[in-house]
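There are 2 protein chains.
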Amino acid sequence: MDWTTLYADRMARIGDSAIIALLKLAERPDVISFAGGLPDPKSFPILRMKEVVDWVLDHEGAAALQYGPTAGYSKLREWIADRMGRLEQTPVTADGVIVTSSGVEALDLIAKVLLNPGDTVIVEAPTYLAALHVFRSYQAELVDVPIDADGMIIDALEERLADLTRRGIRPKLLYTIPTFQNPAGVTLAADRRRRLVEVADRAGVPVIEDPAYGELRYEGDRLPSLVSLNPEGVLFANTFSKIFGPGVRLGWITAPPGVIAQLCQAKQGTDQCSSTLGQRVVYEYGRRGLIERQVAASLPLYREKRDLTLAAMARYFPSGVTWTRPAGGFYSWVTLPDGVETGPMLEWAIAHEHVAYVSGPPFYADGRGANQLRLCFSFVAPDKIEEGIRRLGRVIEQHIELRHHRRRRE
Amino acid sequence: MDWTTLYADRMARIGDSAIIALLKLAERPDVISFAGGLPDPKSFPILRMKEVVDWVLDHEGAAALQYGPTAGYSKLREWIADRMGRLEQTPVTADGVIVTSSGVEALDLIAKVLLNPGDTVIVEAPTYLAALHVFRSYQAELVDVPIDADGMIIDALEERLADLTRRGIRPKLLYTIPTFQNPAGVTLAADRRRRLVEVADRAGVPVIEDPAYGELRYEGDRLPSLVSLNPEGVLFANTFSKIFGPGVRLGWITAPPGVIAQLCQAKQGTDQCSSTLGQRVVYEYGRRGLIERQVAASLPLYREKRDLTLAAMARYFPSGVTWTRPAGGFYSWVTLPDGVETGPMLEWAIAHEHVAYVSGPPFYADGRGANQLRLCFSFVAPDKIEEGIRRLGRVIEQHIELRHHRRRRE
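Read top to bottom, the protein sequences are chains A and B.
Sequential numbering from 136 applies to the first sequence in my numbering.
Sequential numbering from 136 applies to the second sequence in my numbering.
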């Protein structure tokens, strides 16, 4: 069987596994890795989780091992709706919630419901690379909007929309990570939040709000969620990975109930229902107040790592290098002088200095960002951060030097 | 936001939620339901599972709550490969296995990797309705092949293929449930297994073998799996739902390693990895021999239910009604006299006799089967089976009568 003649057209758009290979390299125990966006396992209160799992198996084991409703375990949907009312200041009812098997499945379901091949999706530049992967797998055309230290630049968004309108194109989706953005670490300013939902609504473009890191705020005040500003036009696609643990693979979407019904139809063809056991465990854990406790306990952990990372960058990164200062989340986005390419530099960094990161291009719809890189500080042990950044500073310095030599020769 | 103008074309093909509504009705506690294909919760050894979950959280809790590799937990992949070598008599290595979030996700990933809109998929008539849903969601053209008491009729398959070849069409997939078929309960005979893989291979058509119920054999000898007859051309897409429990949402695919790499790419855009916690629990549970023990213990449970169902049908179903006699699995497929429509009859059955089943048409690509229905005997308590079938017999009798009256009037 010659399989290569059989693959669907979409596979040509998502076929690049270079990142996977590099992430594997970065897993070598001697490498200090700022690459993968992993939560700190110290944030998992395993003993308390075990108590809850045992309770669920003792009291409702048969139901927890059986199939469940496609939209999710009803008590978990109610709990999510209640909690969103409190945290996001937006009224949500259980019929406006679908439980998904991770935040990525949330994006996949939304794309399945809305995207025909050739449809246009607006994304940030840079943005979450798994989201790019999802939209590409539906053969969407990607249009990106630049961001600065205050998040998406709304003037640029308006220009893009005007340009698309001139060409007769109404985008199907606008995808944004407004708070502690992945990879850039920046947060959309309050006035821009209002403008973003207004502009999108006027253009008839649904917004996906990805708040994955939103609860991990280390300083400053919470800003209004986009969904609270326009519940009818914003799909809020969240994950339990950062407030419980990725291993349970659960997330959720809030949307108008008519859209939830379509998402359920789509989910009948992905996994029919998310883990019943996982849903009952997360519900019972949340009901006992343990998610709030876990989030609260994780904040000082991550804040310390952020502070160590920022201090080390200030100390060890050569001049000409800039980086973002995140008020929460996992990431700082680093920009090197023009002409220093973080892609080739990474192989060298892993081989010679045993330090890793993710280079910039995969975070852009068009693969630019050659002189940028993402640093994830959440997973590195605090006592390794300074040493890791010191090594990376050395790598950057050498590569700036190399560029000088190259330019002189040219 | 007018969402109805935004949905993707594929949604028009998978929009029918009539079955979901009926399954909900069938859940009323006073209804004896032969509808949903659920395992018997008595087959879940919850105490032993709890021991294993506790062991995993005690010994590898941090890893079990973290992200895992997209292809699956390496020890589970090895265990699956080893076990398939023994059970299916086919050499599989870990790099030929991807762990999926249920059997349906296995089908979804295969479809994502292989199907462009308009591609042709060959299915059995009747077949598993979630598989139809998956293929429709990729806008495939469905071509069906009839089955009889010995499974897919290979002469008919050859005719279909010849017809497609004449029209210049090479199908992308052939989907079959060779053993204890859902919904028909029949099993593909040994000689037909050999012919099926030969015919498909000659036509260059990959086969999906769905063995979901294959381990639940109540009599007779195991037949060779299709994958053992042609490992290069058969994708074996299985589930842990019937040998562990659906609540964990895990399954797997075996395929040539090049295809596994493509499936991993596709999974990066569905859920990135299946539940790490679930995978480690299932691995440890399997390693201790508990899956084999669970399957062995479930056989007498299900065999008794099958026997009670068959005996009751023989006693209470009026003449003119035929049904299949499954040697394993969960289902018998019932055919009523022409003109008796099981769709409208179901509403009456639930309302007046408090008994439920699934009517025939959703199991066919073209919606025929109006006089057929699926009986699932796995979930009904043994002491309710005879009463349930007695009620259903009464419903059928009345509807045969009704048809006589209607015909006399015409």
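FYI, nobody ran anything at the bench for these hints, they're computed from the structure.
The structure displayed is predicted, hence computed values, not measured ones.
Take the hints with a grain of salt, since some may be wrong.
[To be verified] Here are the in silico distance ranges between beta carbons for each label pair:
| id | chain 1 | residue 1 | chain 2 | residue 2 | range |
| --- | --- | --- | --- | --- | --- |
| 1 | A | ASP298 | B | GLY478 | 45 to 55 Å |
| 2 | B | ARG148 | A | ALA297 | 29 to 39 Å |
| 3 | B | LEU160 | A | GLY171 | 45 to 55 Å |
| 4 | B | PRO252 | A | ASP442 | 44 to 54 Å |
| 5 | B | ARG422 | A | HIS487 | 46 to 56 Å |
| 6 | B | ILE288 | A | PRO176 | 36 to 46 Å |
| 7 | B | ASP356 | A | GLY424 | 26 to 36 Å |
| 8 | A | GLY424 | B | ASP283 | 57 to 67 Å |
| 9 | A | LEU436 | B | ARG422 | 47 to 57 Å |
| 10 | B | PRO252 | A | TRP138 | 17 to 27 Å |
| 11 | B | ASP501 | A | THR140 | 24 to 34 Å |
| 12 | A | LEU436 | B | GLY478 | 18 to 28 Å |
| 13 | A | ALA147 | B | ASP290 | 30 to 40 Å |
| 14 | A | PRO176 | B | ASP518 | 29 to 39 Å |
[Stated by the list, open to error] Where chain A lies over chain B, by a calculated footprint (3+ residues, C-beta under 8 Å):
| id | stretch |
| --- | --- |
| 15 | 183-193 |
| 16 | 217-228 |
| 17 | 346-360 |
C-beta: ideal position from N, C-alpha, C; glycine also.
message = Hint by hint, where does the structure go against what was stated? Just the numbers, ascending.
response = Failing hints, ascending: 5, 6, 7, 9, 12, 14, 16 and 17.
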